[in-house]
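Residue numbers (the working numbering), protein chains in the order written: chain Y, 1 to 111; chain S, 1 to 437.
Honestly, the hints are just simulated from the structure, not real lab data. For glycine and all other residues, C-beta sits at the position ideal for the given N, C-alpha and C. It is possible that some hints are incorrect.
Estimated spans, in silico, between C-beta atoms of each pair [to be verified]:
#1 S/Ala25 to Y/Arg40: 48 to 58 angstroms
#2 S/Gly196 to Y/Asp32: 43 to 53 angstroms
#3 Y/Asp32 to S/Ala336: 46 to 56 angstroms
#4 S/Pro47 to Y/Arg36: 34 to 44 angstroms
#5 S/Glu22 to Y/Cys24: 27 to 37 angstroms
#6 S/Thr364 to Y/His9: 22 to 32 angstroms
#7 S/Asp369 to Y/Leu33: 25 to 35 angstroms
#8 Y/Asp32 to S/Asp369: 43 to 53 angstroms
#9 S/Gly359 to Y/Arg26: 51 to 61 angstroms
#10 S/Val34 to Y/Arg40: 37 to 47 angstroms
#11 S/Asp400 to Y/Arg40: 40 to 50 angstroms
Which bits of chain Y does chain S cover? Going by a derived footprint, with three or more residues having C-beta under 8 angstroms, they are [stated by the list, open to error]:
#12 7 to 13
#13 28 to 35
In silico contact screen, one side only, chain Y against chain S (beta carbon under 10 angstroms); selected entries [claimed, not checked]:
#14 Leu4
#15 Thr17
#16 Phe23
#17 Thr48
#18 Phe49
#19 Ala50
#20 Phe51
#21 Ile54
#22 Ala55
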Amino acid sequence: MTRLEPCPHCHRHVKITEPACPFCARALAFADLAPRPAPRVRLGRAATFAFGAIAAAQSGCGTDTPRKPDAAPADASRDANTGPDADGDAAVPIYAAAPTTPPNAGDPSRG
Amino acid sequence: MATSPRALIAAVDVRDPLRADERIALLGAKRPRVALPVMTKARRSLPLLEARPIDRATRPRHAVWEITLRCDQACRHCGSRAGVERPHELTTDECLDLVRQLAELGVMEVTLIGGEAYLRPDLLDLVRAIRARGMHCTMTTGGRGLDRALARGLASAGLGSASVSIDGAEPTHDRLRSPGSHRDALAAMTALRDAGVRVTVNTQINRLSLPDLPAILETLAAHGAEAWQIMLTVAMGRAADEPDVLLQPYDLLALFPLLDALAARCDELGVRLYPGNNLGYFGPYEHRLRGTLPRGHHGSCGAGRTTLGIESDGLVKGCPSLPSDAWGGGTIRDHALADLWERAAALRYTRDRTVDDLGGFCRTCYYADTCRAGCTWTASVLFGRPGDNPYCHHRALERDREGLRERLVLRAPAPGEPFDHGMFELIVEPVPRTGAS
């Protein structure tokens, strides 16, 4: 699966291998793009949704205008033995409650 | 000088998808069906397959658990046609054992839903058990009977947050739910907040509620909501009985610029905006709405991969919204939860889905390999099978660029059972020259 990033001109997501945006036709140059950080532990819903903003804030860079981040960097309430959970799948199934930061978010020793 | 989010919202032409006379008629329309559904028992003893490495490696982080289908409202957009409890709902002991199994399977968060979850007498016991197993516990509620005493009980039991459903300004909300229900939902939010339970709001977007979205945001922020989940009303259950209430796919062209402005206002108000899984996908506002996800955009349906749904008689599905018969993998009365998760064919769909499983526009879409038609549920209840999802902003934009739009027409009504659906036809037609709908 090819990585997608927003076209800096029209903001539609495009494959980073594209030489030009298929939507606005402007030239693209994603060659030097740094890899996206991936979660190292399983994340809860709130932490998954906030991951990008927090990663950008921690690295001191990033192209996102961060939306209001959760209070903690990650819900590491399960240990890393469960494996990485880097998928970006929608974290909000229908008929579920909107996530809030769990009280033990960011404390890997709990949960 | 920077433009304020409120000015941005005002600048968006919040085009009502309904004409004034259509809105009046739809607000005043009588219920097309008043009888509660006849409940059937869950299918039992479904066969299981051999678990594969991918099934053992995939673990749900979030379970959405309908603990009863009994409800104190009969909302006109309710997909499960909730009202009366199911025959043979799980006993307290069975529920407590299921909590154990959820924790052992690796679930991190359990959301209790209904029906109306608080109508189950052992609700607080279940909340306490979920918390005791180290899982986060949340709840979705219409709030009709959620008083201060119950709110204090929920806080004491360890409920992490409660999401109250607000589906419009008062006239719209009360029309969709029941008279007085908007007032009661706001009172429930106040009671929860005062008791120390964190409050969020969820809102269904349809042709009645779309113009109300700016007002809903101001109301929920004034009542202390920390987060706002928005999702499209889907043509299932009672919602399928009133297709004129549903958005048409081309309505997304008006909706998404509004959502962009609302996202800015959410930031200003300190409210986190969560687009639900069926609010699709990949238009120019994707970065704005889902840019903080690990990949920076929508992925695909998480049913059976990150999400687990459970019905009140123990039927397990990949997602709580999916129709029971087609998507139920079996019940916990017949099999261990881990066996159902790993070995039930119905739960494996999104683990195995490829572009070859898609159809129509979605099959050849630029984003097909990433999105895979998005929400499995949304397309399934329109056409009887997943894989071609017209509720997509990218798709509406591409059609519009061609001078076309997609319109859904109900061809076969829903039979009137819980989680049922009708059959729709997708019409691709030229965009009308003037604002005809």
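So, going through the hints one by one against the coordinates:
Here the CB-CB span from alanine 25 of chain S to arginine 40 of chain Y is close to 55 angstroms, well matched to the stated 48 to 58 angstroms. For glycine 196 of chain S paired with aspartate 32 of chain Y, a C-beta distance near 49 angstroms keeps the hint of 43 to 53 angstroms intact. Roughly 50 angstroms separates the CB atoms of aspartate 32 of chain Y and alanine 336 of chain S, a value that falls within the hinted 46 to 56 angstroms. At about 41 angstroms, the beta-carbon gap between proline 47 of chain S and arginine 36 of chain Y stays in the expected band of 34 to 44 angstroms.
For glutamate 22 of chain S and cysteine 24 of chain Y, the hinted distance range of 27 to 37 angstroms is satisfied, since their beta carbons lie about 36 angstroms from each other. Checked against the given bound of 22 to 32 angstroms, the beta carbons of threonine 364 of chain S and histidine 9 of chain Y, roughly 24 angstroms apart, stay inside it. Distance hint for aspartate 369 of chain S and leucine 33 of chain Y: a CB-CB separation of about 19 angstroms, inconsistent with the stated range 25 to 35 angstroms. For aspartate 32 of chain Y and aspartate 369 of chain S, the Cβ-Cβ distance of about 24 angstroms falls outside the hinted range of 43 to 53 angstroms, so the restraint is violated.
Evaluation of the 51 to 61 angstroms hint for glycine 359 of chain S and arginine 26 of chain Y yields a failure: the beta carbon distance comes to about 32 angstroms. A C-beta distance of roughly 54 angstroms is found between valine 34 of chain S and arginine 40 of chain Y, which places it outside the suggested range of 37 to 47 angstroms. The hint said 40 to 50 angstroms for the Cβ distance between aspartate 400 of chain S and arginine 40 of chain Y, and at roughly 42 angstroms that hint holds. With 4 residues having a beta carbon nearer than 8 angstroms to a beta carbon of chain S, the segment 7 to 13 of chain Y meets the requirement of three or more and the stated coverage holds.
Here the segment 28 to 35 of chain Y counts 0 residues with a CB under 8 angstroms from a CB of chain S, which misses the bar of 3, and the coverage is violated. Residue-level restraint check for leucine 4 of chain Y holds (minimum Cβ-Cβ distance to chain S is 6 angstroms; threshold 10 angstroms). Interface hint status for threonine 17 of chain Y: violated, as the beta-carbon distance to the closest one in chain S is roughly 13 angstroms, over 10 angstroms. With 10 angstroms as the threshold, the beta carbon of phenylalanine 23 of chain Y comes within range of chain S, its nearest partner Cβ sitting at about 8 angstroms, so the hint holds.
Because the beta carbon of threonine 48 of chain Y sits about 7 angstroms from the nearest beta carbon in chain S, less than 10 angstroms, this interface hint is met. The closest approach between the C-beta of phenylalanine 49 of chain Y and any C-beta of chain S is roughly 6 angstroms, which is under the 10 angstroms cut-off, so the hint is satisfied. Interface restraint check for alanine 50 of chain Y: the shortest CB-CB distance to chain S comes to about 5 angstroms, inside 10 angstroms, so the restraint holds. Annotation: phenylalanine 51 of chain Y was flagged as interfacial toward chain S, and the flag holds, the nearest CB pair being 5 angstroms apart, inside 10 angstroms.
The closest approach between the C-beta of isoleucine 54 of chain Y and any C-beta of chain S is roughly 8 angstroms, which is under the 10 angstroms cut-off, so the hint is satisfied. With a least beta-carbon distance of about 8 angstroms to chain S, the hint placing alanine 55 of chain Y at the interface is held under the 10 angstroms criterion.
The structure fails to meet hints 7, 8, 9, 10, 13, 15 from the earlier list, while all remaining hints are met.
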